[in-house]
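Number of protein chains: 2
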Amino acid sequence: MDQESEKIQTSPEVQDEILLAALKLFADKGYFNTSLTDIVEAAGIKTTGVLYHHFKNKQLIASVLYENIIDSLNVSIDDIKRRNPKSSDQLRAIVDLLFGLTNEAPNVMRFLLILKIDEFLPEQKPIMETAPFIKIIKIIQAGINAGEIRNIDPKLGYAYFFGIINHTLRMVLAGTLEKNSEVFQSMVWLTAWSTIAKK
Amino acid sequence: MDQESEKIQTSPEVQDEILLAALKLFADKGYFNTSLTDIVEAAGIKTTGVLYHHFKNKQLIASVLYENIIDSLNVSIDDIKRRNPKSSDQLRAIVDLLFGLTNEAPNVMRFLLILKIDEFLPEQKPIMETAPFIKIIKIIQAGINAGEIRNIDPKLGYAYFFGIINHTLRMVLAGTLEKNSEVFQSMVWLTAWSTIAKK
DNA sequence: GTCTATACGCCGATAGAC
DNA sequence: GTCTATCGGCGTATAGAC
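The listed protein sequences correspond, in order, to chains A and B.
Per our numbering, the first sequence runs over residues 658 to 856.
Per our numbering, the second sequence runs over residues 658 to 856.
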């Protein structure tokens, strides 16, 4: 019969509703402009009691969001590394991933690119020190070693390459650049790649 | 004797102390993590009463800071345009200006580059719609017309060029890239320029 | 123009019944 | 696991004496 397990496990969905609502609100208005009652309303739950049953405080909601995003990025990058031997192909795939996210999950990208995360999650690692971004730096380093990428400080290479990519994505997210076709994407990729490519 | 005018005009200095303290704190901890008592202490004044005598609320302090920074940037750009006929030279001078500010007034650059201004100044124009940044777009447009810059959407050109510049400056501000020599600056400039230059 | 005292609201968080 | 009620505190802002 197993009635109990049914009853007990309604929570994960509620958790996701809360996280989704919070993500949208944070991305939209910022962390500090979002109150818990905002989240309660947007999540379609009735009271703050429910919210506090799932998360022990406001920060933790943001923290879980952050970790989820970083983790999912991390597995995507592992996947990309597994499928592509060359640094150039890996970077190209990462660009595709980020453009894809910008279309399909703009709030995730807003959270990552636009929010000043250390302002409300001071104890979390800064983005650049998280696993996926360390891996990206290593990809650039590997590209240098393999002779694909010119010999510069990998962090500077990161600044060049992702300076272009991120700034373009920010403008797409802000609506300043509406384009988001395949050709547009290829064009941006090519420009970014040219800043670090050898020759 | 003129005793009165002496007595009355002690205020502008106090105002500047407040603005300077607020700039530092905002750049450091963010707007929402900075309380008025923080500002009072850092400004070396005694009570919030003094503060409220000079600014009618917290937002206005940030607003005045923002406008001052934008205005000063605006006159610098006018100056640059007056002295340099070619778009490439104008952009190069702007890059020098921004690197200079990053060294000499890092908090100003943090305010501009890192803070999410619309989160606490929702009624202010977004940076990209302010006079100096409109002028920069026009400089790029002029460069395209003159055949110096390849024929792309000026906003995309902005994303390329300042994507690199800004991301580099962010890393310098964050301490991730320590370099800030003339050669370093030239190198970054050259890379940024190459993304939009014709040929 | 400066200070003290204080009001007031909002929001994060808790206690405890059901 | 959900709800009601409410607390406590912080931070902005004001009133009013000096």
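No lab work stands behind these hints: they were computed from the structure.
Since this is a predicted model, take the numbers as computed values, not measurements.
Don't take every hint at face value.
When chains are identical, the list treats them as one kind, so a pair holds in a single copy or across two.
[Said to hold, decoys possible] The calculated lysine-lysine pairs, modelled on BS3-like cross-linking and capped at a C-alpha distance of 25 Å, are:
no., residue 1, residue 2
1, Lys713, Lys773
2, Lys792, Lys836
3, Lys795, Lys836
4, Lys782, Lys836
5, Lys836, Lys812
Hint check results:
no.	hint	verdict
1	Lys713 / Lys773	within (22 Å within a copy, 27 Å between copies)
2	Lys792 / Lys836	between (29 Å within a copy, 23 Å between copies)
3	Lys795 / Lys836	between (31 Å within a copy, 20 Å between copies)
4	Lys782 / Lys836	between (33 Å within a copy, 23 Å between copies)
5	Lys836 / Lys812	between (29 Å within a copy, 11 Å between copies)
Hint compliance for this structure: every hint is met.
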